[in-house]
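Novice: Sequence:
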Amino acid sequence: MAAAGVLIGLVSGVLVVAYRLGIEYGVEFARWMYGQIRQTPWLIAPWAMAAVAAGVLIAWMIRKEPMASGSGIPQTEGVVLFGLRMRWQTILPVRFIGGLLAGAFGLSMGREGPSIQIGASGAQFVAHRLRRGRREDMQEHYLVTAGAAAGLSAAFSAPLSGMMFALEGVHRSFSPAILMGATAASLTADFVSKYCFGLTPVLDFGSLPQLPIGQYVWVLPLGVVAGLVGVVMNRALLGFQTLFGRLPAMIRPVVALGLALPVGLMLPQVLGGGANLIALAEHVGGGMGDGDVLTAGGSGAASGADVAAGLQSAAAGFDSVRDAAEVGLGMMALLFVVKVLFTATSFGAGTPGGIFMPILSVGALGGGICGLAAHQIAGLPAQSIPLFAVCGMAGTLSASVKTPITSILLTVEMSGTVTHMLPVALAAFIGLLVSDVLHTKPIYGALLERYMEQHPNDPAVRAAGTRVPGKVGRGVMEFPVEMGAPADAHRVRDVAWPSGCLIVGLRRGESEIVPRGDTQVRAGDYLIVLFSGEDAPAVREAMDALCRLQR
1 MAAAGVLIGL VSGVLVVAYR LGIEYGVEFA RWMYGQIRQT PWLIAPWAMA AVAAGVLIAW
61 MIRKEPMASG SGIPQTEGVV LFGLRMRWQT ILPVRFIGGL LAGAFGLSMG REGPSIQIGA
121 SGAQFVAHRL RRGRREDMQE HYLVTAGAAA GLSAAFSAPL SGMMFALEGV HRSFSPAILM
181 GATAASLTAD FVSKYCFGLT PVLDFGSLPQ LPIGQYVWVL PLGVVAGLVG VVMNRALLGF
241 QTLFGRLPAM IRPVVALGLA LPVGLMLPQV LGGGANLIAL AEHVGGGMGD GDVLTAGGSG
301 AASGADVAAG LQSAAAGFDS VRDAAEVGLG MMALLFVVKV LFTATSFGAG TPGGIFMPIL
361 SVGALGGGIC GLAAHQIAGL PAQSIPLFAV CGMAGTLSAS VKTPITSILL TVEMSGTVTH
421 MLPVALAAFI GLLVSDVLHT KPIYGALLER YMEQHPNDPA VRAAGTRVPG KVGRGVMEFP
481 VEMGAPADAH RVRDVAWPSG CLIVGLRRGE SEIVPRGDTQ VRAGDYLIVL FSGEDAPAVR
541 EAMDALCRLQ R
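Those letters in the sequence shown? Residues 1 to 551, by my numbering.
Some hints here could point you the wrong way.
Stated by the list, open to error - Label-pair restraints from in silico Cβ distances: (1) Thr200 with Ala489: 41 to 51 Å; (2) Leu530 with Val337: 28 to 38 Å; (3) Cys196 with Met49: 26 to 36 Å; (4) Thr200 with Thr419: 14 to 24 Å; (5) Gln520 with Ile377: 51 to 61 Å; (6) Pro498 with Tyr216: 42 to 52 Å; (7) Trp32 with Val255: 22 to 32 Å; (8) Lys194 with Tyr25: 15 to 25 Å; (9) Gln520 with Leu422: 33 to 43 Å; (10) His439 with Ala249: 26 to 36 Å; (11) Arg246 with His490: 45 to 55 Å; (12) Asp544 with Arg246: 30 to 40 Å; (13) Trp60 with Gln520: 52 to 62 Å.
Hints listed in this document are in silico derivations from the structure and should not be mistaken for laboratory results. The beta carbon of each residue, even a glycine, is placed where N, CA and C say it ideally should be.
Model the full structure from these sequences, guided by the hints.
Specialist: If you want it as structure tokens, here you go:
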């Protein structure tokens with residue numbers, strides 16, 4: 001697994017680096033092009049015609065390969081958890097062409113979700129070569145998980161986050177075999193990424209001041225706000241996906257690309273994934289002393305003139321830290337609302353592109369707004385506003401994706417220090433609590449359910465529901481037992497295990513035993529299950545129900 005992980009990290013890292021370069025150049029071109037259109041209005045007509053042509057091409061490609069639509073993370077989860085089939089031969093070209101077109105027109109979509117699927121596709125290619133044509137078995141799923149880790153690691157230059165997301169968000173298991181492959185692939189892909197892009201993280205927050213103990217009370221309402229932002233983001237994404245579902249499939253990307261035109265002309269800062277907005281939220285108010293007054297909308301109640309001035313600054317690009325320091329509540333709120341809506345329309349059309357970075361940018365804007373409001377209303381030191389943005393980012397991602405450990409690690413890696421882990425972790429878990437209280441499903445799980453419901457005739461979905469006898473001889477998989485799960489604290493003979501499977505091993509700590517009928521299953525155990533290949537989907541679903549806490 002370690003050797004295979006290194007090979008997967010190299011292949012997936014090169015693929016993701018190429019995709020990352022293309023998206024970055026595409027978004028830069030979109031911002032430049034919209035600037036040219038503002039100066040030369042007659043360019044609107046040819047640009048609109050190009051948008052229609054690109055939208056039709058994207059719609060045709062995702063109709064041919066539905067697994068390459070949207071984020072890519074739900075589809076990768078489906079491969080690992082439910083046995084969906086993934087065809088790397090068609091997914092990779094659709095991902096590259098569709099993603100580059102979306103970036104060139106400035107859609108509010110990130111590269112992280114597609115990078116995870118690209119990494120998983122690269123891992124599938126390597127697995128097929130290493131295993132000489134043997135496909136769709138459990139070991140291949142472990143390698144696909146390693147590829148997903150490599151994809152996120154190369155996209156963010158954050159190897160720990162890549163490893164943890166693959167385990168916490170994709171495979172949802174902490175098996176040593178999975179951890180070994182994911183670790184090797186993630187570190188290797190990070191080496192490839194850093195070799196090409198340098199050692200600076202994608203979102204480099206620089207030196208952030210520590211939050212004094214007396215100000216930790218501010219993290220509590222900040223975590224609540226971040227949780228609400230995550231819930232709003234999820235519902236907007238799913239709601240606009242439902243709305244776009246009422247349109248003919250061939251015009252959905254055309255509509256999304258058409259909406260990008262007025263957004264790009266009036267508020268170009270919301271184009272692309274949103275790394276620039278995270279930097280803006282980090283520096284807003286950063287140059288001020290405690291007694292300074294914000295301009296461009298910095299008063300507690302933003303006037304129309306303030307927002308108009310902010311729009312002029314936005315059209316100029318907010319390129320400098322000084323510009324960011326002059327952005328106030330009115331402009332920040334406008335950027336927040338437009339970013340949420342533009343992301344929902346871009347993603348709802350099914351265009352190939354991710355939502356990971358847009359969720360982070362919306363969370364950072366929400367945290368920056370909270371910090372700016374606390375500074376103006378309650379006298380919070382302006383130097384603490386950047387940390388509010390970081391905590392808001394972690395809390396929103398945790399509430400939306402429901403991967404709190406990944407959210408914490410990601411912000412720690414991006415800030416380059418662990419000194420802020422306590423407030424970041426507090427915001428992440430409060431955001432998760434708010435999301436749970438409001439009964440919000442993880443966004444990628446909800447999107448996977450929709451994908452399988454909307455594509456019942458797709459070969460990938462049919463393959464998950466009905467296996468061809470003999471296609472897979474047998475399968476072996478590990479299932480961790482959670483505390484309070486139906487199988488917890490019961491003897492093996494007393495649990496109604498699914499038919500067609502056999503419990504062949506039980507790993508407890510460093511010990512591995514062959515269970516007998518009177519062996520008691522405990523929380524924290526890993527059950528090693530042998531089952532027939534054609535029964536894989538049913539066994540996996542039934543074992544999950546027995547080994548996971550029913551919420």
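Novice: Look at each hint and say if it fits the structure.
Specialist: Hints versus structure:
1. Thr200 with Ala489: 41 to 51 Å: 50 Å, holds
2. Leu530 with Val337: 28 to 38 Å: About 53 Å separates the Cβ atoms of leucine 530 and valine 337, which means 28 to 38 Å is violated.
3. Cys196 with Met49: 26 to 36 Å: Once the Cβ atoms are compared, 35 Å apart, the range 26 to 36 Å for methionine 49 and cysteine 196 holds.
4. Thr200 with Thr419: 14 to 24 Å: Given a distance of about 19 Å, which is inside 14 to 24 Å, the answer is holds.
5. Gln520 with Ile377: 51 to 61 Å: 56 Å, holds
6. Pro498 with Tyr216: 42 to 52 Å: Holds, at about 47 Å.
7. Trp32 with Val255: 22 to 32 Å: 24 Å, holds
8. Lys194 with Tyr25: 15 to 25 Å: 19 Å, holds
9. Gln520 with Leu422: 33 to 43 Å: 37 Å, holds
10. His439 with Ala249: 26 to 36 Å: 30 Å, holds
11. Arg246 with His490: 45 to 55 Å: Since arginine 246 and histidine 490 have Cβ atoms about 48 Å apart, the given range 45 to 55 Å holds.
12. Asp544 with Arg246: 30 to 40 Å: 33 Å, holds
13. Trp60 with Gln520: 52 to 62 Å: 57 Å, holds
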